[in-house]
Each structure stands twice: as C-alpha cells, then as structure tokens.
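Student: Chain order of the listed sequences is A and B.
Residues in the first sequence are numbered from 177 upward in steps of one, following my numbering.
Residues in the second sequence are numbered from 1409 upward in steps of one, following my numbering.
Check the hints yourself; a few may be wrong.
So, partial list: chain A residues that the calculated Cβ filter (under 10 Å) puts toward chain B [as the list claims (entries may be wrong)]:
1. K261
2. F603
3. R606
4. M651
5. F747
6. V752
Computed spacing ranges between beta-carbons, pair by pair [claimed, not checked]:
7. A:R572 to B:E1603: 28 to 34 Å
8. A:E424 to B:Q1602: 38 to 44 Å
9. B:P1594 to A:E396: 35 to 41 Å
Since the hints were derived computationally from the structure, they do not count as laboratory data.
Computed from a prediction, not measured in an experiment: that's the story for all the values here.
Ideal placement from N, C-alpha and C gives every residue a C-beta, glycine not left out.
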Amino acid sequence: MMLYDVLVIGGGHAGTEAAALASRYGARVLLVTQNLETIGQMSCNPAIGGIAKGTVVREVDALGGIMGRATDLSRIQFRMLNRSKGPAVWSPRAQCDRGLYRRSVRWLLERLPNIHFAQGTVASLLFESGPQVSGVRLTDGRRYQARSVVLTAGTFLRGRIHLGLDTQIPAGRAGEGPSVEMVEDLVNNGLTVERFKTGTPPRIDGRSVNSGALERQDGEDQPYWFSFHEKAPHPKQLPCFLTWTKPETQEIIERHLQESALYGGAISGRGPRYCPSIEDKVVRFPNAQRHQVFLEPEGLETSEMYVNGLSTSLPPAVQLEYLRSVPGLEQVQMTRPGYAIEYDYFPPTQLDATLAVRGFPGLFFAGQINGTTGYEEAAGQGVVAGLNSAAFAQEREPIAIGRGDGFIGVMVDDLVHRGVDEPYRLFTSRAEYRILLRQDNALRRFLPLAERLNLLPDEELDAALSRMGREDEVMQTAQLTTITPDEAAPVLEAVESPKITQSLKISELARRPGVSLGELFRAAGQDVDEDDTTWADIECKYEGYIAREHEMIAKLQKMERYELPEGLDYFSLNAVSYEAREKLDQVRPGTLGQAGRIPGVTPSDLQGLAIEIARSTSR
Amino acid sequence: MLSDPIAALATPPGRSALAVIRLSGEGAFAIAEQVVRSFRVQPERTARLAFFLDAEGHTVDQGLYLTFPSPRSVTGEDLVELTCHGGRVASVQVLTALHAAGARAARPGEFTLRAVLNRKMDLLQAEAVGDLVDAGAKRQARSALDQLDGGLSRRIAHLRDRLIALQALLAYDVDFPGEDDGPVSPERVLEAHQEVMREVAALLATAPAGERLRVGAVVVLAGPPNAGKSSLFNTLLGHDRALVTEIPGTTRDAIEAATEFEGWPVRLVDTAGLWEARDRLDRLGVEVSRRYLAGADLVLLCLETGRVPGEEERALATWDNVVVLRTKADHMDAPSTDRSEEDLPVSIVTGEGLERLRSVLVDRLFREMPSSDYEPVLTRERHRLALDRAHQALVDAGPFLKPGGDAVLGAHHIENAVVALDELIGVVDPEDILTRIFSQFCVGK
C-alpha cells in the first residue's frame, strides 16, 4: 500500500488548491474525488473574483495556487468592480467558460510534481494510535495511507437537494451522490456538525432568449491578468445581458410560495443573507417593483446561460412559469432547474489557525465544510490547509497567515476565532487594513513567504521578481521625473484638480485624488506600460495612510502578545458580561487580540479581560 | 491580591452621632461573624440591631448592620455595612476588631477601584464617584450623579452607535455594488456624517463649562486699591472673610473662597490692588494678582463710581472675560459720561446690582451648559481630548464622503473617531489600564 504525505479528499476549489500547495511545499500528494471529470467544477455561477474575492485570487496566485491562471485561461468577460470608489477596493471579476475553467484546473494541477489522482468515494477516515489520522478507506474497499488528510467535501456531507416540496434527492451536487458515513464517524469522535443551506438558479437555452430586447453588458477591453505567471491569451469575449422581473413574476412566486422547499418548511438550515433566493426577495421586500436578472454565458461552445438573481427552491414547473414572465424570456426553454441544497458543515471554531482540527493530529478541513461560501474563499482555505498538511507530514513548522498579511488571513482568523452563523463570505469591510490589503499588491505581500518556503521554481520566481522590478522602476521614475505646469494642465483640468504654478515631481502630483500616474507620465512625454503603473499610482495616493495602517498592525500584534491562560474559567470572570463569557468559553481565544474579534465581546468586556490578565500577572 | 477583605470608615473621623464602616472582599462574612454577635447573612439588605465585639469577646458598641452578598453590592464582592456610634472611641474599636479578625485597612479609593475591576461601573462612572464626594454646589453634585448613573457613558455609546451606522452605509456602498436598490445616495451619507458631527460638537461644547462645573469657576476681583473689592468679596460670600479698612492696600495677598451662585460652583478670589508697588511685599502681592488674572474664568474689574479709568484699567476692560463693576454706586451721583453702557453699578450698602451681578456671572460662566439638568457634560480634560480627537477625525473624513471621494479613506477616519470614543469608555490595552487605574486610585503605594 502506498504511503502519501498528504491525502486530499475532494477536487473542488479548496481541494485542488490544497493539493497544489502541498505539492509545491514538497509533499507526495493523492487527490481522491468521486469523479475525476469534475475536478475544478464551478457548481454555482460561472464567474471568479468580485469584491474582496478578486484580491484572494491574486493572493492564492502569489503563493503558487492555480485559480488565477485557470481564470486567465478561461475568462470570457472581465470587469473591474468599484472602479469609481477608491483603488483600495477595486475588485477584478471574470466570467468564465465553465468547461474551459474545469479543464484548465486539471491541466495545471497535472503539471505539478508528485500529484496523484484516484476516483472513488471515501467511506471513512482511518486512525492509528488514538486520534492520529492515518489514511482513508473507500466504499469499494481500497485503502490509502497518508500522514495527513485534508477534507474538502463541499456540500457533499449528507447533502440533500430540494426541488419544491415533494422532490428531495440525497446528493452533493446536481447529479452526484452525497457522503454520509464519514460525517457519522467524525461526529461519533466528538466533532460538532451543523446544517446550512444554499441554492442555485435555473439555467436556460440561450437560443430561446430574445436578447435584442435586453440590455447588453460587455466587459472591459483593458488587459488584466489575475496571475503574475504569464500573460496568457484570453479566449473570445462574450457579453452578459441584464433584464428585470415584473410584477407578474412576483405574483407567480407569491401564489406558489407554499410549494417552495424554503417556505413550505422542508428546509431548516440557515442560508446566506447576501445571496437570497427569489422567494426571499419577494417575501422580504414586498414593495420592490422589480429585481435584477443577469444572464451570464456558460461558455463558448454552448448557448446555455446562467440566470443570476433567480436562485430558487420552487418546483420546476413554477420556475418555468416565472422565468417566462421576465422580459426577453417569454419563449425561454429551461435546461436545468434551480435547486436548494442543505448540507453539513463543521463549525470552524473547532479548528486552529492552520485549519487543523483540534484534537485530531494530521486532519485538516478546508472550504465549504467550514461554513463558507464562494469559490475564492474555498481556494484561500485550500492554500492554508495544503501548506500546513504538507508541513505536518514533513515535520516542519506550521505556517500562519495573519490578518495583516492578506484577506486569506482575515478569513481564517474570522472562521476559527469568531465562527459563523450564516455561510461566510468575504467583504472588504471584514479587513481592518484594506488600504494595505489590495489586489494590486497581493504579489508583493505574499512573495516573501513563497520565497521562504521555496514554493516557486526558479523561472516562476524570476517572473514574479521581474514584474515587481518593473513596478519599482515606475515608482523610481515617478520620484525622479518632474512635470511642468503646462504639461500637467490638461491632466488636471480633466479631473477638475487645481492647476500647479511650478514644476513638481510626478510622484507628488499623483497623490491628488483622481489624477492618474499613467496620464502624468504620458503628459510628461514618458512611455510606460499601464499594467506596471497601477501599483505605484495607488502607493502614491495612499502614502500617509499606508504608514498609519502599518502602525495599527504593530498595535494589533501587541494585543496578540497578551496571552490568555489556557484553562481560564471564563464563567468566573465577573468583569465580563455573561454573553461574552459564553462566547469566550466556546471559542477559547489564545490572545487578547483574538478575543476582541469574537462577536458579542465588546470593548468593555475586553477591558475586563485585560484587567484579569493584569491581575494574574501582578499576583 | 485585589479581592482580599478590606475595611474602612466610610464617614469622616471625629465627633459625630453615628459612623459607618464598610467591610468588603472574599471572606467578609466570616470576618463579620467574629465581630457581630449572632451574625447572619440572610435576609440580605436588611438592617438588624446587634452587639459588636472586640477580639476578646467584650462588647464595644451596639449598632445596625446590613449584608450585601456578591455580586449585588457596590464593589461586586461580599460586603457588610456596619453603623455604630461615632466619636473617637466606639467606631475606632469596631474597626480595630475588624482588622484583628483579618480585614486589611482599605487604601484610598480602593472600594471604587474594586467596583471598576468587577465591572459595577466603568471608568467614567468611577471618576464621578470622586466628583460627587467632592461636590460643593448642587449643580456639581447633580452632574456627578448623572455621570455616576451612566449618563455620559450612555451618550458616548450612542455616539459610537451613530458612527457605526455611518460606517455601515459606507460598507454597503463598497461591498454591495450593483444591488437592486442601487448605490446609497451621497446625500444620505453626508447627512449622517453632518448629524453625528453636530452631536459630537454639541457635547464637546459643554467641556469648558463642564470642567468649570467640576472644579468651580475662578472669578477674580481686581482693580485699583480701595475700590471696595474686599467688601464686595465678603458680601458675595455672605460672611466676612477678608479684612476691610479705609486704608488703601489693606489686602496684600490673594484670598480664595468657594461659594455657589444659583447652585453653580464659584471660586471667588480677592486680590491686592493693581498699583505701583510701594515695597517688596506690595510687589509680590501685585504679582500674585496678575497670575490670578491670567488664570481667571472671569474677572470683575472693580472701579469706584465716578472714577475715570486709567490706561491699564482701560486695557483690562477690553478683555473678553472682564466685567466692569462700578462700586459704591450709593456714594455719589456719578457723572454718566465716564462709564460705558455695559458697566454694572453695584452697592453693598443698598444691595443695588448684586442680584444682577450673580445672574450675569452664571450666564457668562455656564451658558454653554445644556438647558436640561440631565444632559451629560464633559467634566475632565481627558473627556475633552478624546471628543476633540473624534471631532477632528470626522472633519478629516468629510472630503472623502463627497461624490468622487474615497469611501475607504472616509471609513478609515471614522474608525479613528470610534477608537477615540472606545478609549474614553474603556481602554483595551492592559498596560494602559494598569497605568490609569494605579494613577487614579492610589493603589499599590
């Protein structure tokens, strides 16, 4: 029997990144999945990136993950969201060809050293010498041994699909079976499990859409690559279409509400507030006149479209009825109905900051089974679990990614110390230091770690360093080049910024809001590559703030130095509110800083805790 | 150890009918059992009559005691309150008996410190305990009582909620673009920003008067020799505190006395006349007078009715915080040409102008105070500095909240405002906490 360092269960966005990073960190990896054809499957909408998520894709890429490169290879439309806000929250988002994305993931994964694949369903985890995990047994009797195991089961754990009230199919994803035994094993071994729900909208045949009547949305022409690796050629670009529900749509849904799995009482789990089903929207905002519906292309080789905005658990016949009430969809053919899915997740407060399951050496969890939603969130966790499972298997130091390092660190810290009460999604406002944690500097933030852990082969490291070198050069040029009032005038006029009266360094003038560094260069007669100026431009604009956020990180790190005694009896602390005592007892934070990020723990509770630390150290 | 049993007199030492002793901490009831005959904890919060015994079991006094089991006590610990007879013998013997039974003598402020440590009150409330005990005027006491009751803490918490709501608007704008409802209107953001800024500014505006309320407003009587300053001083105090003669220059040093006008605390200061010094002692007196002038909240420039002001007096009269009084208004029919309209004629003989003077003083000193008695005010420099920082942060946020601004930078400044308020209610760095507690409550000396 083969002995692997790391065995990854699941081939979704968490599993593939975990396998990739474990391989890059020197481990022998086996990826076990129910169906090798669906490695890298996008089971919900065919898009990667978005608010905060786009930044995560670039962080994953900087460490050698595959999501960014797969997106560059398969994207059929690109937009930079929040372009009109501040550059700290610019968020790249791409529509992808679903099939091309999947194939790109597998292709990229197979090019990495020491990754092996096995198709099959895991029946149970194997344990050796107590809680130490030692491998898996498949339902067909095969056994694999491994020093560490990463479980990334997505929605497959006791998954149950609902189509209206009457149809319930035990499944992990449409057309694929659930995993049941393994959950029971883990629960019997003392882990807590809870239930969430999520949903998808129907898909339709694009040939039956009257797109001439709809608002067409094209992507941006500006070149953009998520990955630092290579400027891969993009496929042909496709438009999306925007339409709106009508009052009739609302009437149909209201009339059939009791047939919905959600409102008929068939589903009990909690779903995400920010991704509501159309039933939720109708019930919660009865006065809304209309709701947006985006028709997104599924790919280049099919006319099938994804109906973003109409996620549902109504019976298929009702879905077709309300679809046909939407302008442009009067004759529509539904190819696949939308459905709701209920699944098990393990409350992530049972994990430590390396995503290792506490009390089970060698076992790691990543992705949706930790109560998150979103491909990018799953990928970010895959990176952390992949690196740390490889570190564990090779007896190396654990690798912690903190809140000051990136959105990956913000997410992991939120998950393991705050826990979740609805499917967790990243937002920029979850980060304290979003002026620092930007999409344009992700490579800079993570390359030192990639270099230290030797994750990138020489030619990849050279590519990353040369990209940063070009950006640094732009910054130096901006600091050395002066621009005259006459040269600057048209640039300043265009954004209604006051004129200058004497020549200034370009880097100083670029501090002004709205004044683009690239345009200043062009006005001063310098030729620069737009893609290389973004970083310098933003650094100029945020100069003072960046310094202040670094100070704040230092202050936070000070709070992290105050350790809370391990066996602290929180219920004995009169100085802390009862609600906070319960939360603290449940989460058992390691430091005062972590305690402060637990919801329900207020500044005055922290004061109480701080006093307790002061008391115990003065004793 | 910060929970060992402590005991101390809660009333001032010396001759009195009754004295109150407090005993608090772990094991307080066991100690009381040794001193109070037939001591019982239950029923709690109920006065019972008992004999108090010394270490040998001899009765030293008879009095009342009440029990307050933890956490329902002022310190949050087990607490016993004993009322015994006052004077130098009985109360001291009872206290000695408690010490002999194992209770340590409490350090200054230690009961309040324990209340803070056990979260019975926050730092703002603890500050108010001292203010309430020190209060010399009704308004002072009421303000301290309101702060003790959590009035200021609640207002700060309310402002904090407002700031968080503003941040939520900005977060929606950044994190949820392209929703059904569309973007947040810039007007809504600006309105929320203006409103919270107004509220912060309103609370901040109470700071000068609030600090005056806590320490008493300094009102300095100044003017040439023999203008009747000391007579007015005595009249305003209601008793003879300063020596009054016909001889110019009788008052050589400054004399300060506390009083209240219409319930507001005032520290009235009589000073030596401002004149060419005749000798070294005069010179020192005049210097002291000038120092008081510089530190005064309000100066009453006393000029005898009919006197033409000298150069120095005219200069002084132009200061913002100077009120010109025409003293001895009963003495003569003054030629009306030598006094300005705003001058206030007063006479201690007829009482003319005194009522008016008092109300002018209160108005000038405390007019920024909220009209309602129960509106919170800032009474300390620490409060003012924190609110000042919050206000500045909101000013800094302004330009970024406008259309075409940068919501992230706006949110960054608003976060700074939240932090400033957090530090006011409760700091979160253990080192800061210790520094603050130890400096405030004289612990550990």
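Student: Would you mind marking each hint as holding or not holding in the structure?
Tutor: The hints, checked one at a time:
1. Because the beta carbon of K261 (chain A) sits about 6 Å from the nearest beta carbon in chain B, less than 10 Å, this interface hint is met.
2. Taking 10 Å as the C-beta contact cut-off toward chain B, the hint placing F603 (chain A) at the interface holds, the least distance being around 4 Å.
3. This hint holds: R606 (chain A) has a C-beta 9 Å from the nearest C-beta of chain B, less than the 10 Å allowed.
4. A cut of 10 Å between beta carbons decides the hint on M651 (chain A): the least distance to chain B is about 20 Å, and the hint is violated.
5. Restraint check, F747 (chain A) versus chain B: the minimum CB separation of about 13 Å is more than 10 Å; hint violated.
6. The interface hint given for V752 (chain A) is met, as the beta carbon of that residue sits about 7 Å from the closest beta carbon of chain B, less than 10 Å.
7. A hinted range of 28 to 34 Å is violated for the C-beta pair R572 (chain A) and E1603 (chain B), which are about 55 Å apart.
8. Take E424 (chain A) and Q1602 (chain B): their Cβ atoms lie about 42 Å apart, and the range 38 to 44 Å holds.
9. For P1594 (chain B) and E396 (chain A), the Cβ-Cβ distance of about 25 Å falls outside the hinted range of 35 to 41 Å, so the restraint is violated.
Comparing the model with each earlier hint shows violations of hints 4, 5, 7 and 9; every other hint is respected.
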